[in-house]
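> Single-letter residue listing:
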Amino acid sequence: MENSIKKNNEKYINPYLGGVLLGIVMLISIFISGRELGISGSVRNTVVETAKVISPKAAENSTYYKKFLKKDTSPMSNWLDYEVLGVFLGGLLSGILFKRIKKPFIEHGKSITAKRRLIYALIGGILFGFGTRLGRGCTSGAALSGASTFSYGGVVVMFVLFGSAFAVAYFFRKLWV
Amino acid sequence: MNRNYYILTAIMLILAIGTVFIHERKYTSELPASELLWDILQPSRFVTTDQVAKRIIEKDPSLLLIDVRPASEYNKFSLPNAVNVPFDSIETATGQQYFGNPGTKVVLFGDDGILANRVWILLRRLDLKNNYVMRGGLNEWIETIIQPKRPKQTDPEISFEQYNFRRAARLYFTGAKVVTGNMKKEKVVFKKRKRAAVAAGGC
Amino acid sequence: MNVHELNPKKTLGVLIVLVIVVIIGFLTMKPSRYDYKLNVNQSIQLLKDTSEINFYPYELVDVLNHKNKNVVLIDLRNKYAFGRGHIPGALSIPSFDLTHKKNLRLLKDYKKNGLTVVLYSNNQLSADGPWFFFRQIGFNNVRVLLGGYNYFLKHKNNLAATRSDNSYIKGIERFNYAKVSKSSDKSFELNQNNKPKPVIFKRRKREAVAAGGC
Amino acid sequence: MGPLVLNGFISSNWNLLIAVFIGMAFGFLLESSGFSSSRNIAGVFYGYNFVVIRVFFTAVIVAMVGLLYMGYFGWVNLSQIFILPTFLPSMITGAVIMGVGMIIGGFCPGTSFTAITIGKIDALVFAIGLYIGIFFFAEGYPFLEKFYLSANLGHVTLADVTGISLGWWALIFTVFALASFWITASIEKKVRKRIKDYKF
Numbered sequence: 001m002e003n004s005i006k007k008n009n010e011k012y013i014n015p016y017l018g019g020v021l022l023g024i025v026m027l028i029s030i031f032i033s034g035r036e037l038g039i040s041g042s043v044r045n046t047v048v049e050t051a052k053v054i055s056p057k058a059a060e061n062s063t064y065y066k067k068f069l070k071k072d073t074s075p076m077s078n079w080l081d082y083e084v085l086g087v088f089l090g091g092l093l094s095g096i097l098f099k100r101i102k103k104p105f106i107e108h109g110k111s112i113t114a115k116r117r118l119i120y121a122l123i124g125g126i127l128f129g130f131g132t133r134l135g136r137g138c139t140s141g142a143a144l145s146g147a148s149t150f151s152y153g154g155v156v157v158m159f160v161l162f163g164s165a166f167a168v169a170y171f172f173r174k175l176w177v
Numbered sequence: 178m179n180r181n182y183y184i185l186t187a188i189m190l191i192l193a194i195g196t197v198f199i200h201e202r203k204y205t206s207e208l209p210a211s212e213l214l215w216d217i218l219q220p221s222r223f224v225t226t227d228q229v230a231k232r233i234i235e236k237d238p239s240l241l242l243i244d245v246r247p248a249s250e251y252n253k254f255s256l257p258n259a260v261n262v263p264f265d266s267i268e269t270a271t272g273q274q275y276f277g278n279p280g281t282k283v284v285l286f287g288d289d290g291i292l293a294n295r296v297w298i299l300l301r302r303l304d305l306k307n308n309y310v311m312r313g314g315l316n317e318w319i320e321t322i323i324q325p326k327r328p329k330q331t332d333p334e335i336s337f338e339q340y341n342f343r344r345a346a347r348l349y350f351t352g353a354k355v356v357t358g359n360m361k362k363e364k365v366v367f368k369k370r371k372r373a374a375v376a377a378g379g380c
Numbered sequence: 381m382n383v384h385e386l387n388p389k390k391t392l393g394v395l396i397v398l399v400i401v402v403i404i405g406f407l408t409m410k411p412s413r414y415d416y417k418l419n420v421n422q423s424i425q426l427l428k429d430t431s432e433i434n435f436y437p438y439e440l441v442d443v444l445n446h447k448n449k450n451v452v453l454i455d456l457r458n459k460y461a462f463g464r465g466h467i468p469g470a471l472s473i474p475s476f477d478l479t480h481k482k483n484l485r486l487l488k489d490y491k492k493n494g495l496t497v498v499l500y501s502n503n504q505l506s507a508d509g510p511w512f513f514f515r516q517i518g519f520n521n522v523r524v525l526l527g528g529y530n531y532f533l534k535h536k537n538n539l540a541a542t543r544s545d546n547s548y549i550k551g552i553e554r555f556n557y558a559k560v561s562k563s564s565d566k567s568f569e570l571n572q573n574n575k576p577k578p579v580i581f582k583r584r585k586r587e588a589v590a591a592g593g594c
Numbered sequence: 595m596g597p598l599v600l601n602g603f604i605s606s607n608w609n610l611l612i613a614v615f616i617g618m619a620f621g622f623l624l625e626s627s628g629f630s631s632s633r634n635i636a637g638v639f640y641g642y643n644f645v646v647i648r649v650f651f652t653a654v655i656v657a658m659v660g661l662l663y664m665g666y667f668g669w670v671n672l673s674q675i676f677i678l679p680t681f682l683p684s685m686i687t688g689a690v691i692m693g694v695g696m697i698i699g700g701f702c703p704g705t706s707f708t709a710i711t712i713g714k715i716d717a718l719v720f721a722i723g724l725y726i727g728i729f730f731f732a733e734g735y736p737f738l739e740k741f742y743l744s745a746n747l748g749h750v751t752l753a754d755v756t757g758i759s760l761g762w763w764a765l766i767f768t769v770f771a772l773a774s775f776w777i778t779a780s781i782e783k784k785v786r787k788r789i790k791d792y793k794f
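Protein chains in written order, with our numbering: chain V, 1 to 177; chain S, 178 to 380; chain P, 381 to 594; chain A, 595 to 794.
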């Protein structure tokens, strides 16, 4: 038993090593580009792009899309898209390196079925997506990058996000424990 | 517990304590004071009245003349197409729009080089580039371009060439004024430039 | 198994690299011995009031007579020019050396002792930049000699008389620009004969110059 | 000197290539730290796996401390870096919703993307959810605009708001983070004794 746990554990790198390296990556990102990481902005860009493709007129009239349609000409607005492309590649690399890539599968807690897990994932995704726009960023964009640049809003988002997750964790314990 | 975790904790704590003692640099986009004096001592910012006259005659589109004297003086007389930015308004939004635009060469002038030079120093401190100072200002402008002196016979060839240029320039700036007089002075409108580049971001 | 029982060798290595980078940063950092004391707006305000930034040539009389011992003259020209001639009692600090540690300390001492430092060079313009720089980094005892060394050399023997002269004062119109620029070609022909130019002096009181903001 | 792109050391086209590499490093670290498993992420809220807290807080304090040193050495002009603007009401609301979404969905956007790469369907569904959520927000934006833009404090840092210098804030966060590491380690130990069937 002890042995198998150890073997399993070694597949992941030491969390502190990951953290220190992640901090250094953020510092390099600031040193080169003056900004840090972010994910949800690129999902927003995708939403804006699809809206443009499906109905360009409606997109132009919508106050929200309009804000981001204008910016598309500047290369900086694509920064996040390229970065997210990198995130995919990096995840893939790590998956290959540590032999974690498998056939498509669904990870779920013991007490729920795969189907329920998917439904919950979808609901969670929708909530999270909605929240990212109100919070001006996700865990990486607002909480991680925001807090590490001492942004007041970023620190608030970090604590409120974890706090609210703790507060409701009890009600969803079946999903995970 | 592994002993190395204590070491890690200690290192991180020491690094963090260190940040308390390092004084924070001010959050400014200004040129560091240590670099300003060096830039002040470089003579490359000075242009002669002849060079300015040549550029005006050639209608160089990248040239922007800025009169740093007070508005009352400017209204009496200024160089053709010059814009008035009194020296005390260079930091205001209206003053800022003229400086640091890529592709324009700003030539500052006043009564003589002194005030324009001081304005240049302040602009350099604000990290705005592509600014020049017309040496001698308007007084020298009058002396050289409007009332050029005939060189002595013993003077080298080049001063005669210069004199000929100045005579032609003089015709342009005094006589030719009648021709261009009914042309409306067009105000150059610049896009407002952000003061310092700040990384765009957000998630 | 708890994470704290693993050996974080790699983490320690990375963190030590980070510490080394920080140490390198400390070692390679150029210490800034001075910083701006006036902001840009304050510097502009300074230019408006010229009463205490200028040092007039006739004020040199007292300095040269040793009547006024509160003034230190600093020659900003290079050592060679200084060797050929300078205002008596002046100290030679070429302008590129002004911010050397030693010189900066000297200037700080002068400031502490309440001495006025007067910078001069060949003309006012060459000393004006360093003067403005020192004002901005907080040396409010620094002034600039109007007219510079060239003017001093010309009027060496009658400095007191320069009180009524204004040819060294900058920031005033020496011509009626608009009128001169409109002059017809005939007047120009006259000028060709090397006749004295009709210089129109705009006499102004000294106070008016100050208000104009040199 | 830095940021290199803004001060003209690197052209903005290279910036995009660099973005890919930075993203790769980010994705690699997220995946290899174990963020591609929703059970690892959710574990933090049930006390059996604190990997999220560890990676997250370590990254934050390293970046905070490093940023101050870099600013002090003159390597980075701190006035040029992007600081997240603060809109308290909408950000707090957003963070609450995100927290609930994280518990239900088990991912956050970055981790879901890395989880997709190793073949997790639930992560893909979560990402689709993200897309739909943002679409909902965009459609509902006219109703939310006033709330979304209310109480704009601008790009403020903790030092601007509290008046305590950033160095102290970095120290406070570091002490807080280090304390939390040691406390969570002991919590984890106790909780894991109870949950036998979960392989860590």
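Quick caveat, the hints were computed from the structure, so don't treat them as lab data. This one's a predicted model, so the numbers in the text were calculated from it and none came from an experiment. Don't take each hint at face value.
[As the list claims (entries may be wrong)] Simulated pairs of lysine to aspartate or glutamate, EDC-like, Cα-Cα distance not exceeding 20 Å:
1) P:K534 - P:D442
2) P:K417 - S:D304
3) P:K417 - S:E268
[To be verified] Computed footprint of chain V on chain A; a stretch qualifies when at least three of its residues, placed anywhere within it, have a C-beta under 8 Å from a C-beta of chain V:
4) 655-669
5) 693-701
6) 750-763
C-beta atoms are modelled at their ideal positions from N, C-alpha and C, and glycine is treated no differently.
> Look at each hint and say if it fits the structure.
Now the hints, each set against the structure:
Proximity of K534 of chain P to D442 of chain P is assessed by CA-CA distance (about 18 Å); at most 20 Å being required, the pair is judged to hold. Restraint check: the Cα-Cα separation between K417 of chain P and D304 of chain S comes to about 17 Å, which is no more than 20 Å; the hinted pair holds. Restraint check for K417 of chain P and E268 of chain S: satisfied, since their Cα atoms lie roughly 17 Å apart, inside the 20 Å limit. Coverage of the segment 655-669 of chain A by chain V holds in this model, with 8 residues showing a Cβ closer than 8 Å to a Cβ of that chain against a need of three.
A count of 9 residues in the segment 693-701 of chain A with a Cβ less than 8 Å from any Cβ of chain V is obtained; the coverage claim is therefore met, three being the minimum. Coverage of the segment 750-763 of chain A by chain V holds [criterion: at least 3 residues with CB-CB distance below 8 Å; count 8].
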